[in-house]
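Chemist: Now for the letters of each chain:
Number of protein chains: 2
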Amino acid sequence: MKNRVITISREFGSGGRTIGKLVAQKLGIPCYDYEIISKIAEESGFSKEYIENEAEKTSYFRPYGMMSNQDYMWTIQIETILDLAKKGSCVIVGRCADYVLKDRADCLNVFIHSSFEKRAERIVKEYGETEVPTEKRLKDKDKKRASYYQYYTDKKWGDYRNYHLALDSGELGIEKCVEIIVDLY
Amino acid sequence: MKNRVITISREFGSGGRTIGKLVAQKLGIPCYDYEIISKIAEESGFSKEYIENEAEKTSYFRPYGMMSNQDYMWTIQIETILDLAKKGSCVIVGRCADYVLKDRADCLNVFIHSSFEKRAERIVKEYGETEVPTEKRLKDKDKKRASYYQYYTDKKWGDYRNYHLALDSGELGIEKCVEIIVDLY
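Residue numbers (the working numbering), protein chains in the order written: chain A, 67 to 251; chain B, 67 to 251.
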């Protein structure tokens with residue numbers, strides 16, 4: 067069978083990463099998430115912290131003819147994702163994998179979302195409170211993801227046309243989402 | 067058990083109506099679609115043809131203090147949908163039922179979509195060719211639905227936040243979509 071890749075895009079706090087991990091576990095295939103950052107670190111020499119903080123900052127302005135650090139990280143990210151997809155079936159969380167693998171792999175593209183209230187509840191439970199108000203944390207992160215996706219793919223993040231399946235994890239529950247994805251795979 | 071309503075919004079040609087009917091059949095509950103138009107016809111005195119053609123034309127301009135025919139049909143539509151949801155569990159296709167029943171019934175809100183190519187293929191197969199090119203038929207109908215939804219609900223048609231579940235029927239197949247919805251119900 068051709069390698070089959072499940073890509074999971076998700077709103078911050080929707081439990082998308084957890085769903086990805088559980089799906090992979092059930093299917094007995096790897097789930098890539100932080101591993102991609104490690105790989106970019108290895109290839110580029112940037113630290114993981116730098117990549118985590120900077121990779122998703124889109125750089126609209128750059129010196130003529132020069133590649134920004136972000137663009138450089140993006141090219142390594144593409145290679146890494148293509149390599150992983152070639153290696154075998156897997157789950158990839160985030161990183162515009164749906165776009166990178168378009169027409170390159172047999173993908174099931176999933177988007178996970180949830181209401182603002184449920185996500186706020188979840189991030190406080192998972193990551194604790196911070197000095198930044200929860201609402202601002204959610205909005206900032208979503209905005210960053212949306213603009214990153216838009217910048218590199220020229221498509222709208224969360225647009226239903228980009229996904230085979232979009233699930234409200236807050237209403238349906240994490241377990242049910244996992245079940246649907248596993249079943250579809 | 068509380069009445070549970072499945073609302074299905076769909077892109078033209080995605081097979082959403084067929085999915086609704088099959089889901090209802092499997093669950094042994096009614097599926098409302100044209101029935102709502104009949105009801106509006108009965109209540110308003112407008113003919114079914116008029117309603118089908120005119121109800122979704124949003125009327126942005128109207129004489130001060132007057133209700134347009136469209137707004138009048140909309141109010142009957144709201145009453146009809148609320149009545150149907152009160153009567154028992156059911157599937158409702160289209161008609162902004164997800165919005166009308168928000169906080170009024172226990173709903174599973176579903177959005178069905180499919181690629182342009184697959185929808186084009188489907189409408190020619192289902193409805194035959196017409197003088198209007200297929201592409202224009204699809205675009206016109208989608209545009210009409212989107213602006214109708216936006217006008218009366220103040221929300222964006224197809225926005226993932228409005229649905230618990232969005233499915234690409236072209237990729238997943240009609241049968242699989244039916245199965246997922248029946249299972250979630």
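Among the hints, a few may not be true.
List of simulated lysine-lysine pairs, PhoX-like, C-alpha gap at most 25 Å [what the hints assert, rightly or not]: (1) B:Lys87 x A:Lys92; (2) A:Lys92 x B:Lys242; (3) B:Lys222 x A:Lys205; (4) A:Lys222 x B:Lys222; (5) A:Lys205 x B:Lys221; (6) B:Lys207 x A:Lys221; (7) B:Lys207 x A:Lys222; (8) B:Lys87 x A:Lys221; (9) A:Lys209 x B:Lys222; (10) B:Lys87 x A:Lys209; (11) B:Lys209 x A:Lys207; (12) B:Lys242 x A:Lys210; (13) B:Lys87 x A:Lys222; (14) B:Lys242 x A:Lys168; (15) A:Lys242 x B:Lys87; (16) B:Lys92 x A:Lys222; (17) B:Lys92 x A:Lys221; (18) B:Lys87 x A:Lys87; (19) B:Lys221 x A:Lys202; (20) B:Lys207 x A:Lys242; (21) A:Lys242 x B:Lys210; (22) B:Lys202 x A:Lys184; (23) B:Lys221 x A:Lys222.
Think of the hints as simulated: they come from the structure by calculation, not from any bench.
Chemist: If a hint holds in the structure, say so; if it doesn't, say that too.
Modeler: Verification of the hints:
no.: 1; hint: B:Lys87 x A:Lys92; verdict: 33 Å, violated
no.: 2; hint: A:Lys92 x B:Lys242; verdict: 20 Å, holds
no.: 3; hint: B:Lys222 x A:Lys205; verdict: 19 Å, holds
no.: 4; hint: A:Lys222 x B:Lys222; verdict: 14 Å, holds
no.: 5; hint: A:Lys205 x B:Lys221; verdict: 19 Å, holds
no.: 6; hint: B:Lys207 x A:Lys221; verdict: 23 Å, holds
no.: 7; hint: B:Lys207 x A:Lys222; verdict: 22 Å, holds
no.: 8; hint: B:Lys87 x A:Lys221; verdict: 33 Å, violated
no.: 9; hint: A:Lys209 x B:Lys222; verdict: 18 Å, holds
no.: 10; hint: B:Lys87 x A:Lys209; verdict: 38 Å, violated
no.: 11; hint: B:Lys209 x A:Lys207; verdict: 31 Å, violated
no.: 12; hint: B:Lys242 x A:Lys210; verdict: 34 Å, violated
no.: 13; hint: B:Lys87 x A:Lys222; verdict: 32 Å, violated
no.: 14; hint: B:Lys242 x A:Lys168; verdict: 22 Å, holds
no.: 15; hint: A:Lys242 x B:Lys87; verdict: 24 Å, holds
no.: 16; hint: B:Lys92 x A:Lys222; verdict: 36 Å, violated
no.: 17; hint: B:Lys92 x A:Lys221; verdict: 37 Å, violated
no.: 18; hint: B:Lys87 x A:Lys87; verdict: 35 Å, violated
no.: 19; hint: B:Lys221 x A:Lys202; verdict: 23 Å, holds
no.: 20; hint: B:Lys207 x A:Lys242; verdict: 33 Å, violated
no.: 21; hint: A:Lys242 x B:Lys210; verdict: 34 Å, violated
no.: 22; hint: B:Lys202 x A:Lys184; verdict: 40 Å, violated
no.: 23; hint: B:Lys221 x A:Lys222; verdict: 17 Å, holds
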